[in-house]
Every structure is written in C-alpha cells, then in structure tokens.
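S.K.: Sequence:
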Amino acid sequence: MAEGLFLVGSSRGVGQTLVGLGLVGLLRKMGVDATMMTPITTGGSGESTADALGRLGIEDPRPLTEPVKFETMAAPYVASRIEGRPVSLESILDAFRDLRSRHEFVVVDGGGILVPIAERFFMIDLLERMGLPSIIVGRTARGTLNHCLLTQRMMFVQGAHPLGFILNGFGQFGDGFAEAMNPEVLAELARPTPVLASIEWRPSYPNDVDGLVQALEQQTHLVDVLRGITS
Numbered sequence: 001m002a003e004g005l006f007l008v009g010s011s012r013g014v015g016q017t018l019v020g021l022g023l024v025g026l027l028r029k030m031g032v033d034a035t036m037m038t039p040i041t042t043g044g045s046g047e048s049t050a051d052a053l054g055r056l057g058i059e060d061p062r063p064l065t066e067p068v069k070f071e072t073m074a075a076p077y078v079a080s081r082i083e084g085r086p087v088s089l090e091s092i093l094d095a096f097r098d099l100r101s102r103h104e105f106v107v108v109d110g111g112g113i114l115v116p117i118a119e120r121f122f123m124i125d126l127l128e129r130m131g132l133p134s135i136i137v138g139r140t141a142r143g144t145l146n147h148c149l150l151t152q153r154m155m156f157v158q159g160a161h162p163l164g165f166i167l168n169g170f171g172q173f174g175d176g177f178a179e180a181m182n183p184e185v186l187a188e189l190a191r192p193t194p195v196l197a198s199i200e201w202r203p204s205y206p207n208d209v210d211g212l213v214q215a216l217e218q219q220t221h222l223v224d225v226l227r228g229i230t231s
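Residues in the sequence shown are numbered from 1 upward in steps of one, following the working numbering.
These aren't lab readings, by the way, just hints derived from the structure by calculation. All residues carry an ideal CB built from backbone N, CA and C; glycine is no exception. Please note that a few of the clues may not be correct.
[Unchecked claim] In silico SDA-like links for lysine to any residue, alpha-carbon gap of 20 Å or less:
no.: 1; residue 1: K69; residue 2: E83
no.: 2; residue 1: K29; residue 2: A190
no.: 3; residue 1: K69; residue 2: I82
[What the hints assert, rightly or not] Here are the in silico distance ranges between beta carbons for each label pair:
no.: 4; residue 1: R12; residue 2: P203; range: 16 to 24 Å
no.: 5; residue 1: M181; residue 2: V78; range: 32 to 40 Å
no.: 6; residue 1: K29; residue 2: N146; range: 32 to 40 Å
no.: 7; residue 1: R227; residue 2: S88; range: 28 to 36 Å
no.: 8; residue 1: R81; residue 2: R227; range: 36 to 44 Å
no.: 9; residue 1: E200; residue 2: G54; range: 18 to 26 Å
no.: 10; residue 1: P194; residue 2: K69; range: 30 to 38 Å
no.: 11; residue 1: S88; residue 2: H161; range: 24 to 32 Å
With the sequences and hints as input, model every part of the structure.
M.R.: Following this line, the structure appears as structure tokens:
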C-alpha cells in the first residue's frame with residue numbers, strides 16, 4: 001500500500017484542492033483512513049486545508065495540514081525571499097510522517113511541477129523526495145492539452161510517471177464541443193498515461209463534498225487506480 005498520493009496541477013486554478021478533498025472523501029468511503037495536506041501555502045486568504053477537511057469530519061491540526069505558510073501570494077521561492085525565510089523541507093516531511101502516524105493514507109495537494117520552492121529545488125523535487133505516486137489535475141477547457149502534455153513530458157524527463165489525469169470543471173467555461181473532446185484527445189496524445197476522470201463543474205461542490213464524492217465514485221478508472229495503490 002502506498003503511503004499517499006501527490007497531486008500535480010497542470011496550471012493555477014484547476015481546482016486541485018477541491019479534487020484532493022473529493023479524493024479523501026472517496027478513499028474514506030472505500031474504507032481507507034485518508035487525510036490531506038498542502039505542503040506549502042501562499043497568500044493569507046481562503047479556506048485552510050484543516051477547515052476543508054472538517055467538512056469530512058477530519059480533525060487534523062493546521063501545522064500538519066499546512067506545515068509551511070507564507071502571507072505573500074506568490075510562488076513559494078518568491079514568497080520566501082520577500083518574507084526573508086526559507087522553505088523548511090524538514091517541516092514538510094515531518095508533517096507528512098506525523099499525518100501518516102495518524103492515518104493510513106495522505107493526499108498531498110502539491111502544485112505545478114516546476115513551481116520553484118527554493119533555489120534549484122522545484123515541486124518535482126519534492127515529489128521525488130516524498131516518493132509518492134502522482135496524478136495530474138487539469139481543466140477540461142481550452143489550453144488544457146498544452147498544459148497537461150507539458151506537465152506529463154516534464155515529469156517523464158525527471159523520471160516520474162503519473163498514474164493518470166483528472167480533468168476538472170467540465171462545462172464551467174462554456175467551450176462546447178472542443179471542451180467535450182479534450183479528455184478523449186488528451187487520452188490519445190498522452191499515452192501511456194490515461195485520463196482517469198472528467199468532473200462536471202457544479203458551483204455547489206466546494207460545500208457539497210458528498211455530491212463530489214458521488215461524482216468521483218462513478219469514475220471507474222479512477223476507483224480502480226485508487227484500489228490499486230491502497231491495497
């Protein structure tokens with residue numbers, strides 16, 4: 001059984017945290033004691049990971065779910081330079097180990113694969129250090145083919161092989177037939193990496209976690225992959 005799952009975002013604003021929360025809910029419904037952490041958060045506003053987990057009845061302390069936090073809304077390396085303190089990799093790894101002592105499985109809400117964390121240290125390097133399987137989260141809208149394929153190819157170059165893609169927000173941007181075809185085309189172009197799920201956009205999902213979990217539960221390829229890494 002893997003210790004967790006690392007979510008990679010193809011670009012900013014793909015709904016990666018929401019997908020992570022849904023995966024935690026789905027895993028728990030499958031009988032796996034799962035939780036989630038966001039290794040590095042930037043910006044002072046927005047719901048915390050701990051508060052989001054609270055909607056699933058999970059009570060993990062914020063220092064574990066968000067071990068490194070900057071007030072500046074910027075890439076971690078930029079924020080760390082502005083605020084004059086480096087990212088503590090040990091804090092991230094210690095928090096992960098602590099969460100693993102409390103739960104069977106940890107979903108890691110990572111970020112873009114080349115997001116700089118420190119000088120010459122990127123999100124892909126954190127993924128490698130944590131040694132977890134990964135899934136790429138992207139949009140269904142225009143631009144996703146470029147973003148998802150760039151992410152996949154860069155991961156391949158670094159020796160990382162994602163389990164698949166989850167495409168989020170279908171219908172949100174009204175891109176019509178092109179948006180409807182993107183999952184199919186991505187599956188063709190990204191072989192051997194499969195598209196595991198395409199999630200319809202609903203404004204209720206941030207609060208309706210049960211509805212999101214039910215939607216994910218219908219994605220048989222995703223469920224099979226989750227069973228494979230948690231058995």
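S.K.: Each hint: holds or not?
M.R.: Verification of the hints:
| no. | hint | verdict |
| --- | --- | --- |
| 1 | K69 with E83 | 11 Å, holds |
| 2 | K29 with A190 | 30 Å, violated |
| 3 | K69 with I82 | 13 Å, holds |
| 4 | R12 with P203: 16 to 24 Å | 19 Å, holds |
| 5 | M181 with V78: 32 to 40 Å | 36 Å, holds |
| 6 | K29 with N146: 32 to 40 Å | 34 Å, holds |
| 7 | R227 with S88: 28 to 36 Å | 34 Å, holds |
| 8 | R81 with R227: 36 to 44 Å | 43 Å, holds |
| 9 | E200 with G54: 18 to 26 Å | 25 Å, holds |
| 10 | P194 with K69: 30 to 38 Å | 34 Å, holds |
| 11 | S88 with H161: 24 to 32 Å | 28 Å, holds |
Of the hints listed earlier, the one the structure fails to meet is number 2.
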